[in-house]
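Spelled out, the chains give:
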Amino acid sequence: MVDESQFRASGASPGLKLWHWISANPALLPVALSVAMAIIFALTVPKFADLRNIMNIFGQLGFLGFLCIGMTYVMVAGGIDLSSYTVVSASAVVGATAMVATDSTLLGCVLMLAIGCSFGIVNGIAVAYLRMIPFIVTLSTMVVAEGFAIWFTQAQSVYGLPDAFIDNFSARILPMTLGISPRPVGIPVAGIAVLVAALALGFVLSRTIYGRRVYLTGANEETARISGVKVRRIEFSTYAIAGIMAGITAIVLTADLGTATTAMVRDVRLMDIIAATVIGGASLKGGKGSILGTMFGLLFLTMLSNAFNLLGVSPFIAMVIKGSVLVAVIGLDVLRAK
Amino acid sequence: MTRLTRRGFMATTAAASAALGAPAIVHAQGKVTVGMAWPGMQDAVWSTSHKLLNEFAAASDTEIELVFTAADMDVAKQASDANDLISRGVDVLLVFPIDSKAISSSVKRARDAGIPSMAFLRQVHADARHQADVFVGIDAKYQQLSSARTVFEKMKADGAEVGEVLWVSGDIRDENSRLRGVGLQEACDEHGASIAQDLVGNWDPQQAAAALAPALKAYPDINHISVASDVMMSGVRQVLQDAGRWAPHGEPSHIYLSSVDVFPIGLELLRSGHLDADTIFDVTGMCREAVDLMPRLAAGESFDSDILIQGPVFTPDNVDDPEMQAQLWAT
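Line order of the protein sequences matches chains A and B. All letters in the first sequence, in the order written, are residues 1 to 338 by the numbering used here. All letters in the second sequence, in the order written, are residues 1001 to 1331 by the numbering used here.
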């Protein structure tokens, strides 16, 4: 591996220098991709740059954003969580049922967080302390959570939620036109919430000792252990965080949809979550990634789907492109590692 | 044929529209853009309805552009798709709800943006906070009613005794299954018959067979079995074969069979004379009706009742008529 200062001093070609710079700053790729795509779409896709659509995209980030944040923590620590999307449904149906029965928004939200966290704790114990393979553990939890949600609801949607819950958590605040929208458009609370969570958890991951330990654990577990990092505790905590993120997603989605169902988020979205995280610079081998990169990775995918819907392009072409981008980014990750 | 395939009762329109004549309003306007928030394309009903809607839209007097989105059975994705279509500024939002309650939020957002919405095949739940402006679907009750009624009439014409019926239902939690049960009960009431036993088949041939086998022993003289869907017919056939009661119409051991949907197995059994009546799941009629309504909805017309399509009854006598064949979509 060439040291960066040596590399700069060497007479490497500009292309190689650029490649090295990108390799050293993986979050730049999704930022650059998103900005480029936003400019292209704004110029070529009708209504893409409308205020309503911008807020629409911002609100959609709230649907998967929390799950992507949780996935980033898990992947940076060297794991993977396949269960998050079914944990959302399991958390949502329990919390919503309590809400309907008691008319208590607080109880419902607490239960959603608790159920999400519980699944995260189970994943964390299995992976960190029982040394089970993350892929198998979370695949099993995925099935358990899905089965639980179906059993709990008998596959029926839970509805009749308190108006206050729906109105507050799915609200659009500060309606505005900015002189470019014919009707006032509000800022989605879900988008604001995911932005706040991304800033806070991004800070924790990138600027705290805990965050550094997460990176070290994912990069080289043995080195981390020798350095005094309580590796198991770190791994456990990332799964717990992912579980809490699933619980928050349950709150946001249940409010937005006005109901809780067993099919709120399906397996196809798991690919979006992993893709956003990997495009954002996370490595499937651990030790890399950032919340900033992940959020821009998610923004990239969300804008892609949105633009295709606005253009009336087949959604299946969007799937092909998303899959291809994911393969390309994973390939890039392999190249970066060499 | 029109009477057979489109016997659905049209909605009563708003007084002003009715007085002026809705079609005149329709043709006066320009292109209508309709956003389709579909569950996916993997299911035959989803893909067929997508194809037929495009065909009817292309043939429409009004220029209709259909903008298609597919949610892969993901409720949250369907909400996002609907939001995208609303952002696009479509004239009508056409939703095939994955979840009859969750879709209500998309209907509300469309309404807030001044866009009328149409629910297709699955109605927005009655208890949901916001209802679509119009619903186009299948009259599930009529399906079973017409199929069973045809068989009762045939039995009477044959001089067979009309008494008890074994009912092989679908999923007890499914609204279509429940409505089909109501339809059978109405047909029984009309003809002085009764339902001997409700056998839950859960839309699964094995479960239907498991439920029917003991019931057939409990009611050895039964001469009519009504089935909630052709999807369970292979199980029914297996049980009747095992019991030595699998015989075409005209043979002494024949049991009269009424069913619904007209899937390939239904067609096969109609032709062989084992199945006596089968009412189609009329996707074609539903798509035709939906396309007819799109320009009217975009023009601001309002509808105060659902559009429920009543498809024709297939029998061994008409199954190969060209007009009936033209209604088939699942073969």
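These aren't lab readings, by the way, just hints derived from the structure by calculation. Beta carbons are placed, not taken as given, at the ideal position from N, Cα and C, and that holds for glycine. Keep in mind that the hints are not guaranteed to be accurate.
Here are some, though not all, of the chain A residues that point toward chain B, as calculated from beta-carbon distances under 8 Å [to be verified]: (1) 42; (2) 44; (3) 52; (4) 56; (5) 159; (6) 162; (7) 164; (8) 207; (9) 208; (10) 210; (11) 256; (12) 257; (13) 266; (14) 309; (15) 310; (16) 312.
So, going through the hints one by one against the coordinates:
With a cut of 8 Å, the hint placing residue 42 (chain A) at the interface with chain B is violated, because the nearest CB-to-CB distance is about 13 Å. A cut of 8 Å between beta carbons decides the hint on residue 44 (chain A): the least distance to chain B is about 14 Å, and the hint is violated. Hint on residue 52 (chain A) holds. Least Cβ distance to chain B is approximately 5 Å, under the 8 Å limit. Because the closest C-beta pair between residue 56 (chain A) and chain B is about 5 Å apart, less than 8 Å, the hint holds.
Taking 8 Å as the C-beta contact cut-off toward chain B, the hint placing residue 159 (chain A) at the interface holds, the least distance being around 4 Å. Proximity of residue 162 (chain A) to chain B is violated relative to the hint, the smallest CB-CB distance being about 12 Å (cut-off 8 Å). Annotation: interface hint on residue 164 (chain A) violated; nearest CB of chain B at approximately 13 Å, more than 8 Å. Against a cut-off of 8 Å between C-beta atoms, the interface hint on residue 207 (chain A) is violated, since the closest Cβ of chain B lies about 32 Å away.
The beta carbon of residue 208 (chain A) comes no nearer than 32 Å to any beta carbon in chain B, farther than 8 Å, and the hint placing it at the interface is violated. Evaluation of the residue 210 (chain A) hint against chain B yields a violated restraint, the C-beta minimum of about 31 Å exceeding 8 Å. Of the supplied interface hints, the one on residue 256 (chain A) holds, with its beta-carbon coming within about 6 Å of a beta-carbon of chain B, less than 8 Å. The criterion of a C-beta within 8 Å of any C-beta in chain B is met by residue 257 (chain A), whose closest approach is roughly 4 Å, and the hint holds.
Proximity of residue 266 (chain A) to chain B holds as hinted, the smallest CB-CB distance being about 4 Å (cut-off 8 Å). Taken as an interface hint, residue 309 (chain A) checks out: its beta carbon lies about 4 Å from the nearest beta carbon of chain B, inside 8 Å. With a cut of 8 Å, the hint placing residue 310 (chain A) at the interface with chain B holds, because the nearest CB-to-CB distance is about 5 Å. Because the closest C-beta pair between residue 312 (chain A) and chain B is about 4 Å apart, less than 8 Å, the hint holds.
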